[in-house]
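Novice: Make the full structure from the sequences, and use the hints.
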Amino acid sequence: MIEVNGIRKRYGDFVAVDDVSFSAGAGEVIGFLGPNGAGKTTTMRILTGFLPATDGTASIAGHDIHKAPLEARRATGYLPESPPVYPEMEVRSYLTYVSKLKDVPRAKRREAVDRALERCGLTDVDRRPIGQLSKGYRQRVGIAQAIVHEPQVLILDEPTVGLDPNQILEIRELLASLAASKDGETGHTIVLSTHILAEVEALCRRVILIRQGKKVLDQPLDEITRDGGSLEAVFARLTLRGDVGDEVASGSDAETGAEG
Amino acid sequence: MRHTAAIAGRELRSYFTSPVAYAVLVLFSLLGGFFFVLQLSSFNAAVAFYQQTQQLQALESVNLNDYLIFGFYQLMWLVLLILVPGLTMGLFSSEKANGTEELLLTSPVTIWEIVLGKYLAAAAMVTILTAVLAALTGIVFFYGDPEPLQTAAGLAGVWLVGLAYAAVGSFTSSVTRSPLIAFFFSVFLLFILFMLGPAADMGMAGATGSEADGVLRVLRWLSSEGHFNELTTGLVDTRALAYFGFIIGVFLLLTKASFESVRWR
Ligand SMILES: Nc1ncnc2c1ncn2[C@@H]1O[C@H](COP(=O)(O)OP(=O)(O)O)[C@@H](O)[C@H]1O
Ligand SMILES: [Mg+2]
Numbered sequence: 134m135i136e137v138n139g140i141r142k143r144y145g146d147f148v149a150v151d152d153v154s155f156s157a158g159a160g161e162v163i164g165f166l167g168p169n170g171a172g173k174t175t176t177m178r179i180l181t182g183f184l185p186a187t188d189g190t191a192s193i194a195g196h197d198i199h200k201a202p203l204e205a206r207r208a209t210g211y212l213p214e215s216p217p218v219y220p221e222m223e224v225r226s227y228l229t230y231v232s233k234l235k236d237v238p239r240a241k242r243r244e245a246v247d248r249a250l251e252r253c254g255l256t257d258v259d260r261r262p263i264g265q266l267s268k269g270y271r272q273r274v275g276i277a278q279a280i281v282h283e284p285q286v287l288i289l290d291e292p293t294v295g296l297d298p299n300q301i302l303e304i305r306e307l308l309a310s311l312a313a314s315k316d317g318e319t320g321h322t323i324v325l326s327t328h329i330l331a332e333v334e335a336l337c338r339r340v341i342l343i344r345q346g347k348k349v350l351d352q353p354l355d356e357i358t359r360d361g362g363s364l365e366a367v368f369a370r371l372t373l374r375g376d377v378g379d380e381v382a383s384g385s386d387a388e389t390g391a392e393g
Numbered sequence: 040m041r042h043t044a045a046i047a048g049r050e051l052r053s054y055f056t057s058p059v060a061y062a063v064l065v066l067f068s069l070l071g072g073f074f075f076v077l078q079l080s081s082f083n084a085a086v087a088f089y090q091q092t093q094q095l096q097a098l099e100s101v102n103l104n105d106y107l108i109f110g111f112y113q114l115m116w117l118v119l120l121i122l123v124p125g126l127t128m129g130l131f132s133s134e135k136a137n138g139t140e141e142l143l144l145t146s147p148v149t150i151w152e153i154v155l156g157k158y159l160a161a162a163a164m165v166t167i168l169t170a171v172l173a174a175l176t177g178i179v180f181f182y183g184d185p186e187p188l189q190t191a192a193g194l195a196g197v198w199l200v201g202l203a204y205a206a207v208g209s210f211t212s213s214v215t216r217s218p219l220i221a222f223f224f225s226v227f228l229l230f231i232l233f234m235l236g237p238a239a240d241m242g243m244a245g246a247t248g249s250e251a252d253g254v255l256r257v258l259r260w261l262s263s264e265g266h267f268n269e270l271t272t273g274l275v276d277t278r279a280l281a282y283f284g285f286i287i288g289v290f291l292l293l294t295k296a297s298f299e300s301v302r303w304r
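Residue numbers (the working numbering), protein chains in the order written: chain W, 134 to 393; chain P, 40 to 304.
Read the hints as simulated data drawn from the structure, not as lab findings.
Every residue, glycine too, gets a C-beta built ideally from N, C-alpha and C.
Careful, some of the hints might be misleading.
[What the hints assert, rightly or not] Which chain W residues stay away from chain P? Per the calculated CB distances, all over 12 Å, these:
{"id": "1", "residue": "Pro298"}
{"id": "2", "residue": "Gln345"}
{"id": "3", "residue": "Asp355"}
[Said to hold, decoys possible] Here are some chain P residues pointing at chain W (derived, C-beta under 10 Å):
{"id": "4", "residue": "Arg52"}
{"id": "5", "residue": "Glu134"}
{"id": "6", "residue": "Glu140"}
{"id": "7", "residue": "Arg259"}
{"id": "8", "residue": "Trp260"}
[Claimed, not checked] Derived Cβ-Cβ restraints for the label pairs, each shown as a range:
{"id": "9", "chain 1": "P", "residue 1": "Phe223", "chain 2": "W", "residue 2": "Asp152", "range": "24 to 32 Å"}
{"id": "10", "chain 1": "P", "residue 1": "Leu69", "chain 2": "W", "residue 2": "Asn169", "range": "48 to 56 Å"}
{"id": "11", "chain 1": "P", "residue 1": "Leu280", "chain 2": "W", "residue 2": "Asp152", "range": "51 to 59 Å"}
{"id": "12", "chain 1": "P", "residue 1": "Ala170", "chain 2": "W", "residue 2": "Pro185", "range": "52 to 60 Å"}
{"id": "13", "chain 1": "W", "residue 1": "Gln352", "chain 2": "P", "residue 2": "Thr149", "range": "35 to 43 Å"}
Specialist: Encoded structure:
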């Protein structure tokens, strides 16, 4: 469903993502782990077509992201670090707008919006301006816009960052329901970035760990924990070694998120 | 282009759910009414003066179109120079500030669809302003009988100028995430664009040599002032149309390049 081949991204002289490759089969849920500044957001922006890669190729649902960008984007749902919402719009009209952008056929739009509202628990607030919603609800709207066109692939960038513990649990349950297969159909293929290890343990079957732009681990979670090992120990061993110098830079990312 | 309508529609609705559209409409109508009354009374004063002093030749020259409507449109053209940047300042800058830029650029939508959708929304607002102006002008037709064709050409001139301003404003909105900066930047650019002509005239007066002459001619052509004056006097010629088409095209191209430039960095 997702094929990534030697993706590299340079910002000027700085290499943010360095020769990352991985693949994900249909219905797989992958935890994309790494310390701040590791290159998670950059990788996701490349996969969703927001940024072009400097080198390398990738395809989503069989569509090359550089050669067939529109088809690849149609097959992708994306939740950026901060939910991409217009505060003055009502939830329902926002989702209807997104469904138009994502090419949901006119006859199916209402149904698609209703379903996204229901799955994200937004049915009761569908006429409220998004700016008036709590942070947790705004995040649900962000997830609803990612799934409204029923994409095969979901790319979620730190979906629980900045939420309180209750909201985190709610969002986690929501993500688990999106990952689960339903009525014989496979669930969404999900790539989920985070630096909260418990989240990975709760949701993901496989872990990809990147550090300073390079992939340092790609393993099923049960293999990691099989011999009494823990994700914490692996994370610490692979990320704390050497310098972890890029933290300042992704601090600015977090600021951008807080503004919206 | 099917996404263009969706983007334009959202933009228009957001104009009317925020105070922007109402503020611009109210200001435009108030200033329009004020300048209209001003032109009207100055027109009346001129007529009365020439009648009293029996300057019949001068009286001939003070007709409704040249004196009243033309003068009025010139003032409104300056009003637009401030108000259109108010309409366009948030077009792209607020997408950057909201983070919705990421939604647009990761949707199966082309950059042209985005740029045109947003531009069309601003163009629709300019059209509404022109309609307000047409309504005010209608009063003159009760009052006397101006040349309808000449008046229509003048209105078309105001509309075209507004459309060109909106293209310039779209561009300035795409270079920053701050609507305020976008606003001042477009007022500044529009002022420069206007002043090119008078500046070139001053230069021409002192210029010698055909090379300098050529440059000044180009500057003169690039200036919005001359083309606008032609149109408001009722001369719709293809050169003026080409000029406004050129400005709109160039600035929409710049807008597109600037909006997708996140991808080059
Ligand atoms: N637009 C940009 N220009 C320059 N450097 C950037 C840009 N975006 C991200 N970076 C840098 O790339 C590195 C990876 O950032 P990012 O992908 O946001 O990491 P993560 O999401 O894992 O925290 C960081 O060091 C960051 O400073
Ligand atoms: Mg990040």
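Novice: Please name the hints from earlier in the document that this structure breaks, with their numbers sorted from lowest to highest.
Specialist: 7, 8, 9 and 12
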